[in-house]
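Hints given; two lone chains; assemble the complex.
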Amino acid sequence: MDITRKGLLKLGLSAVAGGLLPPLLRRPLLGREKETPRPAFPDLVAVRDDSPARMFDAGIRALGGLERFVKKGQSVLVKPNIGWDKTPSEGATTNPDLVGRIVAAAYEAGARKVYCFDHTCNREEDCYLRSGIAAAVKKNGGEMRSGADRKSYRQAAIPGAQVLKGALVHTLFLDCDVVINAPVLKSHGGGRMTAALKNHMGVVWDRRYWHGNGLHRCIAEFPLLRKPDLNVVDAFLVMMENGPYGGTTDDLDMKKMQLLSADPVLADTAAAKVLGRAPESIPYLKLAAELGLGSMDIDRAAVKRVSLKV
Amino acid sequence: MAPRIRLLCQAAFLCLSLAVFAGLVTDRHAVSLYHGLHLFPTMSCLPWFSLPPLGTFTLGVAGVLLAATLLFGRLYCSFLCPVGFLQELARQAGQAMGWAGRPCRGWTMARLLILGLCLGLLARRSSAYLYFDHFSNLGRVYGLASRPGAVEGLMGLAFLAIMVLPPLRWARWFCGALCPSGTLFMLMQTVAPGKVRSRGNCGGDCGRCAAACPALCISGGRIDAKLCVNCLECSAACSSGAMAFRFRRPGRTASAKSEGDVPAAAALSRRQLLAAAGLSILGWCGAPWVRKSLAAAGPARAVIPPGGKAYADFLERCVACQTCVAVCPSRVLAPVGMELGAGGLAKVRLDYGASYCAYECNACLAVCPSGAISYFPLEAKKRIRIGKSRLIKEICIPYAFGRDCGACQEQCPTGAITMEPYREVYAPVQHEDYCIGCGACQFACPTQPRKAIVVDPLDVHGFAAAPRAAARRKQSAGGPVGFPF
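From first to last, the protein sequence lines stand for chains A and B. Numbered according to the numbering used here, the first sequence spans residues 140 to 449. Numbered according to the numbering used here, the second sequence spans residues 2 to 486.
Next comes chain B alone, as it looks inside the complex (with noise of 0.2 angstroms):
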């Protein structure tokens, strides 16, 4: 029955995930739901001294999947997590090939490693932990489904090739050597009081625990305590009833031995521990280092999606999920390739020669799980300032060869551009206060190559003036009009 449930349970949440990163689910609360089962890019928001994406739901979430994972162990690694569920399928393909598994052993020192290292860059309000986090490198993969062949796409790639190869042969590879959130969830394992116990005096003659276990953790009837995900295919398997999930209260560590399982405290040595808390220190110290080499940019030089609020503290935030890029209609959130630097790549700016930000639009607003993207109601967003458009008159068609043209006040959404006369002709007018920086006029323009109308990114984002309202007189509501002809 067990097995049975599971399979579901991960089936169901890689089509959530699937569904989220392609961007089909757009309500925040089923959003905000399975962002809140993402420890990493999630509680991300808390050092900033923001709440994530829908506060206390979110919140909610996530401390109810702590407090499941303190209590029962690493369910959210067995019966959700999608990249477990993949290479749990790399495995069995690489069985079908008559590989023989292996358990992923000997990475103890280097998962604690980066561990600390994420938690410290975490703490200190980097989102640089992004190469190692799960959620972030699966957005990346499903992202590769849209642009494939781009610079950006080979961190997809190349965490595809992460999550498919090793696992052919290293059952759950990813998780036991990389993971930083499941090797969270293996600490908080150690002390749950209730998780899967062999019972000692069985020596797994029968096998058939050591062969349902998709991590291959067990041996001789002992569970490696590391590697172990809490699944219950074990407890399944087993006819005697030595394998099965038990409740136990914390403190009574020393029956652990009786029961044969090899415990995960002991066999982490405080030497690994120690250097799991200093190399957090590495990573404490090593982001505002990170920080310096994205903002080494300087000025601004791309336009960041609504809500992103400050140039700098974007690229600092932003996990590079490809989140807000699938869920974008228009089509104008696009992942940087190398511009930005190495440390920007894949992360998120908007590519005014694709398309333009689409004015009666919040789609990528409620879908950002790090809060590099800050919600903001439509009515409100429509007024938010994320770059400034200007006019290059000696390449404009109106002042430049006196023809009538108009292509970006046609466009232009809140009245930031008039058309005054000009000599014979009309041209185009700059009213800045409207301008929201949407590059709908930067997308309209007919010159060629380069663009008589640009807008040049901001550092800090603004609030433009509300819609200028009409300069005339309103016509007299009294009686109808009659023909002017």
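Only chain A is shown next, with the shape it has when bound in the complex (with noise of 0.2 angstroms):
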């Protein structure tokens, strides 16, 4: 074969054309590697040093605004932790402003329906009253349900669980369009902590049958059935010890933080860091994120840190 001028030019430019091709079909998802580093919105926002309901304000604006998670014409469920017949000022239950601007967060976000319960552990109507979230919730418009009537519980099969197979589930829990998880952060003997992960005792009938069986595996599998679209940890008035339903407001710090996350476990490694304790040494963690719903690894994940210090 005679090598002309011509030939070459053409093998050349076909050689250029063949090397290039496969670099500009693959561009777009290249791109799209490159950019991991900096995503759109941080895996986990905490922020500190302001009113519970300014720092969600302030919370979900770095999330990238409540419309990320909640659609217009949804039905919304708030879960809170009411579970004792205690005020707001002894840190047992979640702060009810936050819970307030939850619900009313939610509306602006476009939600239909916002509701709010918990299978409280004292008499209800006390925990309702006296934690002040009662109040809170219908001032915004949410409706509180009950959840001490076993009629609104149905069972349900947890996918892939070990241990806790199934569960008789509240069914605002399984119908409602989004779950905002919004626990209060404590110190607990059995759990060792309370966060996001174990609020999750407050939507099934049976609690004891949790503790029995494995407490930890139990709080990990639950979310294998659904895994709550945003968790709010409250960490404004934190009980560091004696929890979760405390001595005396000795045990209290006033750390002024509230801690946001679309992943649980990410959010209950942060909240056992504000709790003094590693997160290694909580069992349900070291299981949930095994299980593939949530990242331990805080240090990869990319954190927002918010001071609305003045």
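Wrong hints could be hidden among the right ones.
Unchecked claim - If you want a taste of the chain A side facing chain B, the calculated C-beta under 7 angstroms gives, among others:
| hint | residue |
| --- | --- |
| 1 | G328 |
| 2 | G351 |
| 3 | H355 |
| 4 | P383 |
| 5 | K412 |
As the list claims (entries may be wrong) - Partial selection, computed: residues in chain B whose CB lies under 7 angstroms from chain A:
| hint | residue |
| --- | --- |
| 6 | P330 |
| 7 | E361 |
| 8 | A401 |
| 9 | R404 |
| 10 | D405 |
| 11 | C406 |
| 12 | A408 |
| 13 | Q410 |
| 14 | P414 |
| 15 | G416 |
| 16 | P447 |
| 17 | P468 |
| 18 | F484 |
| 19 | P485 |
Stated by the list, open to error - Just the calculated beta-carbon pair ranges, DEER-fashion:
| hint | chain 1 | residue 1 | chain 2 | residue 2 | range |
| --- | --- | --- | --- | --- | --- |
| 20 | A | Q301 | B | M339 | 44 to 54 angstroms |
| 21 | B | A151 | A | D314 | 36 to 46 angstroms |
| 22 | B | A151 | A | L447 | 51 to 61 angstroms |
| 23 | A | E264 | B | S270 | 57 to 67 angstroms |
| 24 | B | A466 | A | M393 | 22 to 32 angstroms |
| 25 | B | Y423 | A | R347 | 17 to 27 angstroms |
Since the hints were derived computationally from the structure, they do not count as laboratory data. We put the beta carbon where it would ideally sit given N, CA and C, even for glycine.
See below:
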């Protein structure tokens, strides 16, 4: 074969074309990989030094707005911790202003209806009243529902669970389009810590089963049924010891913090550190991470820290 | 006019009694007002050298009632008593069924003996009069609504039958045959200067008074003073003015004959009064025996409400009226069946299988009529120790199976349980100084069928230590801390 100038030119051009084509085809893919270190939204937003309601406003803005989680016309469940017949100043229940603000924000984001309930430990009427949460929810147009009636629970199978293969779960948790988990951060005897994952014990009918059959395993497995769409951990007034009921106000630290994340494991990992515990020392966190429910790797997560101190 | 006012009073008081016994009224003054009108459970505090609930207020109400009865006759029986009202309604039903009514005659000896026995028991600090007294019986009837079918419900059913069945024919049968309060008021009415009296010259030929009388105690224009409840129905019905509420100075008893009434004093023979006095002595002597039979249980076998102070005393003072059961928001208070013997039937204990005693609650302490449960303000009640929890490690999940649990510690309101490292897990450790025996731990414990933590009853209640101070140093109030991540 003659090697002509024309032929060489053709070969060269086709080689260039052939070499360029695959990268050109792959370009969008490459582009996405390159952007990974700087995602549109952080994995976790940590806010500090303001009132719970204002910290929520700042935190959700940093997380991309509640519109990211609540679409127009959707039903929303806000699940705070209302487990005890205690006042907000005792740090045993989620701050009522925060719950009220979440309800209002959900409506602002276009929610059709916002519900709120907890399967309380003490008598429901007392807890709803004393915590101030029922009043805050109603004031902002939300609806308080009872968690004390077995009829509002439905048996649900939990896929992939080894121990908690099924549970009687509140229908609101199963049926609402969006679940916003709004726990309060506290120390906890059996669970070591109660925050996002542990808060699910208030949406099932039979919590004794969890205690009796491996508390940590059950806490870790429950989100296999449904992961909350958003977790807002109230770490404003934190019960550092003697939780979850608490002894005196000496057990409380005014941390003035709030943690927001779509990942309950990541939120709890940060919460554990606020509580002064090593995340690895909380068995259900490790189990949940192993089950693929979230990440404990807070150092490699995109954490946005917001300080509202003036 | 008078009959309408009476009907209104009776209906209102029936509603009040329902509200009190159903636990809807929790205001202490309203409850004490109701209690003060019932001498039998309320005054039983006095032989214990203690004041009834709200002390002077209750005594004042009782004093006014006694003075009014001594001056104007049995106004409580006719205008207020819900049991009397219900019996009148039953008689009306009997009338509607075409049964001719009869007065409740011939029970004079029995009712005097019952009054004597009850007074003797009361004076000797025994609540065994509860079988006769209309207040606690009415409470048990109302209690039926919430717990039908239980053994203790039989007492309520029995009284319901007494209240409804005989009066279908025998007007106000319970009042005339059994009621110790009614008998006491009847005796007081015999000396009352103001009461309904008849004029002897009227033969009652028109029959209006006899037809109007709810106790059916008028015949031939003469009132049977033993059965008359002073309700003024006859005077309202009377066209000639022969039947009327009249005052007479005490001592002028001779005129009673000229009035034509059957005077109670004449109808009560000396033999009957002596027998009644004799039976009150029997009550006096029998009280210790009743006490013994209750205490035969020996050590406490049931947890009794906070404010109950001592097991044996509580069982003796409780009149089983079920008011505290109705008012308990946690539904932990429950009537006793036959477990504590016949004497304990329908008295009250805490059932930790059903619930637990709420920490932020002292509802039952405010409503006890007999002083079986003494009142304590909430902050004091929170520290009253009514039992003691006992951990059974052999079946406790962390100790026996090496799994985390913590259900008991989670619920404990006083910090009497902490979770401490044990091998791989955290296990409950008790701090008994703080335990108040509320049963939250027992109720929450997930082990089946036996609970791994149970509350043992106490013979005598005590006080627990104030909540434990946190062992750690409180975070310095300095500047805000940064994120630890």
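Quick check on A408 (chain B) please, does its C-beta sit within 7 angstroms of some C-beta on chain A? holds (4 angstroms)
Would the hint on R404 (chain B) stand, with a C-beta cut-off of 7 angstroms toward chain A? Check passed: Cβ of R404 (chain B) comes within 5 angstroms of chain A, closer than 7 angstroms.
Tell me if A401 (chain B) is really an interface residue toward chain A, meaning its C-beta lies closer than 7 angstroms to one of theirs. Not OK, violated: A401 (chain B) not within 7 angstroms of chain A, min 11 angstroms.
Please test the hint of 51 to 61 angstroms on the beta carbon pair from A151 (chain B) and L447 (chain A). Taking Cβ atoms as reference, A151 (chain B) and L447 (chain A) lie about 59 angstroms apart, which means the hint holds.
Using the nearest Cβ pair, does F484 (chain B) come within less than 7 angstroms of chain A? holds (5 angstroms)
Does the closest beta carbon of chain B sit nearer than 7 angstroms to the beta carbon of H355 (chain A)? Since chain B brings a Cβ to about 6 angstroms from H355 (chain A), closer than 7 angstroms, the hint holds.
Hey, does the P414 (chain B) contact hint survive, CB to chain A under 7 angstroms? Holds. Min distance 6 angstroms.
Evaluate the given range 36 to 46 angstroms for the C-beta pair formed by A151 (chain B) and D314 (chain A). holds (39 angstroms)
Does P383 (chain A) meet its interface restraint, that is, does its C-beta lie within less than 7 angstroms of any C-beta in chain B? holds (6 angstroms)
Proposed interface contact between Q410 (chain B) and chain A, which counts if any beta carbon pair is under 7 angstroms: holds (4 angstroms)
Quick check on C406 (chain B) please, does its C-beta sit within 7 angstroms of some C-beta on chain A? C406 (chain B) check passes; min Cβ-Cβ to chain A is 5 angstroms, inside 7 angstroms.
Closest C-beta approach of G351 (chain A) to chain B relative to 7 angstroms, hint status: holds (3 angstroms)
Hint violations for this structure: number 8 only, all remaining hints satisfied.
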